[in-house]
Amino acid sequence: MKDPRGRLLILLIALSVVSVVVAGAVYADLEIGYYSPENLGSITQPAPAKNHADAAYTISSFPLYTPELVPGEGRQDVEAYCNTCHSPSYITMQPPLPAATWEAEVNKMGRVFGAQIPTESQASILKYLESHYTPETRKR
Amino acid sequence: MEKEISATSRRNVLKTIGAGAAAAFTLGRLFQPEAFAQQEPAAATRMRTFTGPGANPYWNSVGKIATFPQKAPLIMLTDRPVQLETPRHYFLDPITPNDAFFVRWHLESIPNEVDLYSWRLSVEGNVNTPLQLSFSDLLRKFKPVTIAAVDQCSGNSRSRFQPRIAGGEWGNGAMGCARWTGVHFREILDMAGIKSGSIQVQMEGLERGKGPKGMPSYEFKKSLDLNNPVLDESIVAYAMNGEPLPMLNGFPVRLIVPGYFATYWVKCLSWVRLLDKPDENFWMNPGYRVPDTPRGDTSPADVKAGKVKMVPITRMPVRSFIISPDGDTKIPAGLPVTIRGTAFSGSGPVVKIEFNDSAHGTWRAAELGEDLGPYAFRTWKIEWTPRRAGTYQLAVRATDAKGNVQPDEGVWNPGGYLWNRIERQEVTVGAAE
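If you're matching them up, the sequences are chains V and B in order.
Per this note's numbering, the very first residue in the first sequence carries number 38; after that it's consecutive.
Per this note's numbering, the very first residue in the second sequence carries number 8; after that it's consecutive.
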């Protein structure tokens, strides 16, 4: 007659040995043949230029790699006005900026650079930037 | 048949031995967890594409890698207008390849085509004889000159500033050195004949913006004083490293202003105007201005209080960089490694480059690389053997012929210009047994 407690103990020992081996195997996997779980993406090669012997020197169109702005109220105004002169990458490239800095930037675009943005839209652009691109609010 | 069986059984034996060895290996490692804990591959996560509100801790900026016409994959800050940064490793060489050379435009309409049949370099304004020079005039009517010179964006390393400055968030790669071939700018000015009363020369290229005409969002213009000696060294370059300039670097010709920041190196240069009044357009004032203080340093409070007098940015301060090792690879203790980097100054040649492997260590002179001229990159190297495992803060500092030495303090000004603090690279030295 065997003690059921003893059997349980043996089973537990066996289980822990198995789990240790499995865990070890997982670590071993990390050390060789480890590929990223994410697909990092890639870009297609630009096509070679077709040149002629005349005096015109041409390159292909400049590619766009426009980032997506955070969805939210006011994004349409940003896209309608800011995008006239520059891509939204000018916004996403910035560090999280305090609301006062964004206000100075938006004002500069109007007063210095001559962007014609209706007052209402200017307020909505500012509110959007403050809601998503300050140290307190920026998530991505 | 027999052969086959024996092969199979041999395979099985090998398999069994292999499995046993693997298990033993695995178990062995499990009993010394520290042996593999550090060996997990680096996290698979991608880099965030912005830094802050603290300083950018990386050598380069953190933008995505992108390809543009005539360019190798570069670090993209913005796609329209185009701003691209050169990855660190390219600076091991004193000459930056054309396809890796950084790109910075102010306005979004950049030429995709230039027709040299109709393109002319106009010299106009306060001159005796206005000129219309074709590309072929530049090639045939003047003596070609070549100079190796560093082109660096005024805002290079802007992402180091604290508090951060809104603008192009460059790491250290908004710089490059090329051999520029072209024509002395003075010869062109002399050919036109500068009328008395002229005080500045204005440069304008082909780039255009979507803003209203006459606004800085429509055109980009820069000017230099006619009595500035930098004009004697400036050239109108039609070749870069012995090849036509990439369109994104200013084909067909670009102004080269050795020692000065890139803001004056007007790309696709097409209009040269002699002015009898100072140029007050935005890109001269208040654009590209720095405090009239030592190193151009000030504080947000002083700017707000209106205490700071601003003057146009001019020469580049002395800088040096550690290019390799880049901190990504662990170095085993006792292995001699070569530390490599580059340096330059806008005020003549770099004469001394020193290396330090700790915050309190002594500075050791590094060996200087090939001398390509006073305004070119000067590479350097030094052998270093870390004796003990641990974390080291490698540092480099350069001194130029004028005696300017890199300081160990940052700088702050509202444009995010003139950064030249001593650069450091943290490296991890691992145990060798």
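Calculated from the structure, these hints are not laboratory results.
On a predicted model such as this, the values are computed, not experimentally measured, just so you know.
By construction, the Cβ of each residue, glycine as well, lies at the ideal position given by its N, Cα and C atoms.
Take these hints with a grain of salt, some might be off.
What the hints assert, rightly or not - Example chain V residues on the side facing chain B (calculated, C-beta under 7 Å, incomplete):
no. : residue
1   : Y94
2   : S97
3   : Y102
4   : Y118
5   : Y127
6   : P132
7   : A136
8   : T138
9   : I154
10  : P172
Quiz item: Can we keep the A136 (chain V) interface hint, with Cβ of chain B closer than 7 Å?
Solution: Violated: closest Cβ of chain B sits about 12 Å from A136 (chain V), beyond 7 Å.
Exercise. Tell me if Y118 (chain V) is really an interface residue toward chain B, meaning its C-beta lies closer than 7 Å to one of theirs.
Key: Result: violated, 11 Å to nearest chain B Cβ.
Quiz item: Would the hint on I154 (chain V) stand, with a C-beta cut-off of 7 Å toward chain B?
Solution: Constraint on I154 (chain V) not satisfied, violated at 12 Å.
Quiz item: Was the hint right that Y127 (chain V) lines chain B, CB cutoff 7 Å?
Solution: Cβ of Y127 (chain V) sits 6 Å from chain B, so the hint holds.
Quiz prompt | Status of the P172 (chain V) interface restraint (C-beta, 7 Å, chain B) | solution = Cβ of P172 (chain V) sits 5 Å from chain B, so the hint holds.
Quiz item: Minimum Cβ distance from S97 (chain V) to chain B below 7 Å?
Solution: Where the cut-off is 7 Å and the nearest Cβ of chain B is about 5 Å from S97 (chain V), the hint holds.
Practice problem: With chain B as the partner, please determine if T138 (chain V) meets the hint condition of a C-beta pair closer than 7 Å. | Solution: Where the cut-off is 7 Å and the nearest Cβ of chain B is about 6 Å from T138 (chain V), the hint holds.
Practice problem: Let me know if the C-beta of Y102 (chain V) comes in closer than 7 Å to any C-beta of chain B, holds or violated. | Solution: Holds, because the Cβ-Cβ distance from Y102 (chain V) to chain B comes to roughly 5 Å (cut-off 7 Å).
Quiz item: Would the stated hint for Y94 (chain V) survive a check requiring a Cβ distance to chain B of less than 7 Å?
Solution: 5 Å, holds
Self-check item: Restraint outcome when P132 (chain V) is required to lie within 7 Å of chain B by C-beta distance
Solution: 2 Å, holds
Against the hints set out earlier in the document, violations occur for numbers 4, 7 and 9.
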